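Student: Let chain F serve as the given structure and place chain W on it in line with the hints.
Below are the chains, spelled out letter by letter.
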Amino acid sequence: SQTIHQWPATLVQPVGSPLSLECTVEGTSNPNLYWYRQAAGRGLQLLFYSVGIGQISSEVPQNLSASRPQDRQFILSSKKLLLSDSGFYLCAWSPQNYGYTFGSGTRLTVV
Amino acid sequence: TQLLEQSPQFLSIQEGENLTVYCNSSSVFSSLQWYRQEPGEGPVLLVTVVTGGEVKKLKRLTFQFGDARKDSSLHITAAQPGDTGLYLCAGAIKGAQKLVFGQGTRLTINP
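Going line by line, the protein sequences match chains F and W.
Heads up, the first sequence is in our numbering, so the first residue is 1 and it goes up one at a time.
Heads up, the second sequence is in our numbering, so the first residue is 1 and it goes up one at a time.
Looking at chain F on its own, in the form it has when it is part of the complex:
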């Protein structure tokens, strides 16, 4: 069966510090991978998605970047965090556009 792992669950970082959130998927190959951000328990904002190794599509200009160094690994990064980067970050995968499976999320607080 397929599983998705996202870590850490909670993160408190000072303004100006770097960020690295990691997401890995098991039990499938060549998945579509996604990074979303959710503010205050509302809708999901798509940040990045990837349909293959090294292929990254950015949805909104921001202080963040994404990379896919391996087929089942998706990383969200920042060189210098801003206060506005605080939020709940979710990684997801899908075989196509049907049935996203989400990770358990990372609560990021920038202080």
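Hint data in this document are derived by calculation from the structure and do not stem from the laboratory.
Source: prediction; values computed, not measured.
Built from N, CA and C at the ideal position, the CB exists for glycine as well.
Warning: the hint list may mix true and false statements.
Using C-beta positions, here's what the derived DEER-type ranges look like [unchecked claim]:
# : chain 1 : residue 1 : chain 2 : residue 2 : range
1 : F       : W7        : W       : P39       : 14 to 20 Å
2 : F       : Y98       : W       : N18       : 25 to 31 Å
3 : F       : I56       : W       : S30       : 21 to 27 Å
4 : W       : S26       : F       : A39       : 21 to 27 Å
Tutor: Okay, now just chain W, sitting in the frame of chain F:
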């Protein structure tokens, strides 16, 4: 631009009552999905509807996809406190490898 509009955004009702949540758009979707999210966790897929006019039932939950594939509804019969959560609809646009999410409906069922 919000492609998917969910209504209501907040709903608080008593246990045993019925309710309907709506998801509307001017865009046509190849499929539409409904997710339920608990606080601090990732959304969990409830159902995917693909065909215009399709109706799917999941115990007390009934999902309908509009004939023109632009809208959907979620009806809950005899709501229970365990139904409390954030309900999200998401549409897949043909040819795009991503989902568009609505802003969510926060549902609270009071005992």
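Student: Indicate, hint by hint, whether the structure satisfies it.
Tutor: For each hint, the structure was consulted:
1. For W7(F) and P39(W), the Cβ-Cβ distance of about 19 Å falls inside the hinted range of 14 to 20 Å, so the restraint holds.
2. Hint check: Y98(F) to N18(W), Cβ distance near 29 Å, so the stated range 25 to 31 Å holds.
3. Take I56(F) and S30(W): their Cβ atoms lie about 23 Å apart, and the range 21 to 27 Å holds.
4. Checked against the given bound of 21 to 27 Å, the beta carbons of S26(W) and A39(F), roughly 24 Å apart, stay inside it.
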